[in-house]
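> Sequences are here, hints too, so could you generate the full structure?
Quick mapping for you: the protein sequence lines, in order, are chains C and D. In this text, residue positions in the first sequence follow my numbering: the first is 1, and each later residue adds one. In this text, residue positions in the second sequence follow my numbering: the first is 1, and each later residue adds one.
Don't read these hints as lab results, they were simulated from the structure. Incorrect hints may have been included.
[Said to hold, decoys possible] Under the rule of at most 20 angstroms between Cα atoms (straight-line distance), these lysine to any residue pairs were calculated in the SDA-like manner: (1) C/252 - D/9; (2) D/87 - C/696; (3) D/2 - C/278; (4) C/678 - D/122; (5) C/224 - D/91; (6) C/678 - D/125; (7) C/253 - D/125; (8) C/678 - D/76; (9) C/98 - D/82; (10) C/216 - D/128; (11) C/216 - D/78; (12) D/87 - C/208; (13) D/2 - C/279; (14) C/253 - D/19; (15) C/258 - D/15; (16) D/87 - C/203; (17) C/216 - D/91; (18) C/216 - D/142; (19) C/744 - D/125; (20) C/216 - D/82; (21) C/253 - D/9; (22) C/744 - D/128; (23) C/252 - D/19; (24) C/258 - D/17; (25) C/722 - C/304; (26) C/744 - D/82; (27) C/678 - D/129; (28) C/744 - D/145; (29) D/115 - C/739; (30) C/216 - D/76; (31) C/224 - D/14; (32) C/722 - C/301; (33) C/98 - D/91; (34) C/289 - D/41; (35) C/289 - D/19; (36) C/216 - D/41; (37) C/744 - D/122; (38) C/744 - D/142; (39) C/216 - D/83; (40) C/169 - C/152.
Since the model is a prediction, treat every value here as computed from it, not as a measurement.
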Amino acid sequence: MNSPLSAPSSPSLDRRSFLRLTALAGGGFVLGYSYLKTAGTAFAADAATAAAEFAPNGFIRIASNGAVTLFSNRPEIGQGIKTALPLVLAEELDVDWKNVTVVSEPLDSTGTLQGASGSTSVPTDYSRLRQMGASARAILVEAAAQTWNVPAAECTTSAGSVLHAASGKKLSYGALVAKAATLQPPDSAPLKDPKDFRILGTRVPNVDNAAITTGKPLYGIDTKIPGMVYAVYEKCPVFGGTPVSANLDEVKKLPGVKDAFIIPAGNGPTAGVAIVASSTWAAFSARDKLKVVWDEGARANDSWADMSRQANELGAKAVDSDSPVFGTAAKVVEGNYSFPYISHTTLEPQNCTVHLQGDRADVWVPTQQPGQVRTAAAQALGLQQNQVTVHVTRAGGGFGRRLQTDYASEAAAIAKRVDAPVKLTWSREDDLHHDYFRPAGFNFLRGALDASGKIVAWRNYAVNFGAAGGGRRGGPGGPGGRGGPGGPGGPGGAPGGAAPRGAATLLPAGGGNAVFGQVAPGGAPGGQGFQGGPGGGGAGGAPRRGGPGGGRGGASFPGSFVGGFANATGTVVSAVPTGAWRAPGDCTSAWVDQSFLDELAQASGRDPLEFKLDHLTAGPAGAYKDRMLGVVRLAAEKAGWGKKLPKGQGMGIAFHSCHAGYVAHVVEVTVAKTGEYKVTRVVAAVDVGSQILNLSSAENQVEGAVVDGLSASGFQSLDLKKGRIVESNLDEYPMLRMPDSPPKIEIHFLLSQNPPTGLGEPALPPLAPAVCNAIYAAMGKRIRAMPFSTADLKWA
Amino acid sequence: MKYTLNVNGQNQTVEAEPDTPMLWVLRDHLNYVGAKFGCGVGMCGACTVHVDGDSQRSCQMTVAEAGAKKIVTIEGLSEHGDHPVQKAWCDHDVSQCGYCQAGQIMSASALLKSKPHPTDAEIDNAMAGNLCRCGTYTRIRAAIHAAAGAK
Ligand code: FES
Ligand code: FES
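Structural data, given as structure tokens:
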């Protein structure tokens, strides 16, 4: 992993600066390449071999023996990016994938460290990497043309060689390396016509398969540095609590223990107690004997039961009794939905290894945000950013958890007190108790149909949990953050933390009375009670990734596709930290919206698919509508929508867009008379643009999103008592296992004329509602609370 | 305490507290990091190894209990990483993050030893103790069938 060629990310390497940088690199251009210059001495050694090597940019290296090395600089968290992005380079470079080695780059301390979040890697890097590959290929073609004294335009490439058809001449890239290294890059390099792609869009196995299946040290938790010691870190189980004292002297006498100390609240991590020992187990077992006196702080009496009660009270007050539309409607439908806190539960627990040596430090860490890790570690160590080098390891799952840097900050603070490299390993209990949880929420919906079966009202009063005035630790967006981009977002409740403990604040703050009145014609600035209305929700741009609640306004569903849409929020005060969980906001809002849409469809007495298609069709023209209709129709067709099923079996459909992807799922379930349900088939239709990079990993992402969606909505839930998370390990926190995993997941990609976008997230949100809609179709019961395992589905 | 263990066909001596789980002996003392820590309570299967030929959660067995038993980790499953199960895992591109997969492979290879041609239900049953957080279950099923066919 420690390649001397240190190419961090390319800082916004657009076409122009790319060429400029490459031009600078003419001649001994490896050294001249501006963002490589920081590699310093390690790189100088390479200068000697530069002539034997063609390295047109930080991502490509071709040796004179023809070996191709491609560099991948995005954290690999299981989304397949380490394989997918080099495929783009290989395609345009026109090399044989068999001859390619992919290397993960260590991140240089002065580069821009790139993250992996929000399914953004593909949309950000696709065009840029194509250009890099094409430009390198053009230089190799030029080198061959000069060698043969023929026009470059007469030369073609194939699988790592340049060919001249007229003369039958052929030279491998390896043979052209020395010449290519002396050439200036062309002004523009033609990109391949995608119909000529040979690698992109095929199924290419993960480049780390051999290492994974033989147990090689790949993950952060596998890090071992000579002389390393092992640490655990105990934090107060009540959020915000701090240690007062601990039996440190006793703990220090336990076998293998080297040190034990309190890290007080301050600039670094959350306060806690560290134990440092000669092995992981010595640290773990010493921790069993650790006794800490905690100051549990202000939230030690919080409970989920009480928070739920408050949320329901807010919901009851928010009933929209005044709006005339409900008086004149042909049908009124009400549904109250709720979802609990859940954890990310990456299978590799959080861990981080830090080696502090004088005024510099190395950090080995599984992370989605190397840049933020560096900031957090530098702060806890009292170093400058450029004194900290972050080595990004493969991560045993991400799902948004590793966007946070808490564990790195803890490891750094411990390393500061220890004269050795130190690896901090969290227990599974730490991981479940101290996550940045998927936000919990309650949604109170009321909708109405007119006599023709059209939706004429859709009101959602959503209760979130968090700090009264926003500013919640790590939460994506404050409690008011709903609606499309530019939406007013709510005033954010009472000013920061001013509300008394247990106080439930209603948004809008202006009145404390959340009666729905007129639908707002558009996003008035702060203080507006609810957002949306046809074309409302502020600027109404493209569907966005949202905070809790997801993007409901704007040009997306339901905002612009139903009549009488309005949205308001309230907040119940909570200290439970929340963060991004795979498809943040959307992962729960899609369930609420698509389930409620199905309720309205059922109330209309019409076929749910036709009802949904009609409402989509009647909506505003644009890409959202076209792409959504495309995937809904495709999923329905492939699933054989409308086939007659006996009672106890049902089909449900749901759709959603987030992270620029469009997905519809049709789910088939069987519900036994005794109430157990089983998903027997999932048909997914997915539009993530014109090009799938790696079909195998794209399918794997969709399969994973289906299983994750089933697992999270079907089984997972965390309780809060006395201010602490109740569940401690996987025996108390069930997740989906193989017997419950669907036997069939059929995936259909709809290639639309849109730029390729990422797939880590968009296939998850519509899965849960498709399941509930299928269960309703099977036996007539509507599930309105997660996890579904708590629903009574017995029927006769 | 000193213990002589038989791991991947070699006798190795370690110095550890008697209650140390084999998982940590393998990982911290012997540098076999293929067995993974996921829960420490026997619920995830990431730490699965073979003990005298059967699959076993290495977090649930102490170094004192190991005695002279023959322990095989993923590193020792085959000499060149070409056990039929390993090959099937690569061919089917099973892994996402990959963290669970060493444990999955150890459970699957033990299953195929006792049931060379398992049904879907037998696979589900045998593999139920191995969690995959990334949700690669459909591929695991397919890979096990393929490995069974390849034998
Ligand atoms: S670590 Fe042993 S079963 Fe989870
Ligand atoms: S591949 Fe990530 S846990 Fe199984």
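> Are there hints from earlier that the structure breaks, and if so, what are their numbers?
1, 5, 7, 8, 10, 18, 21, 26, 36
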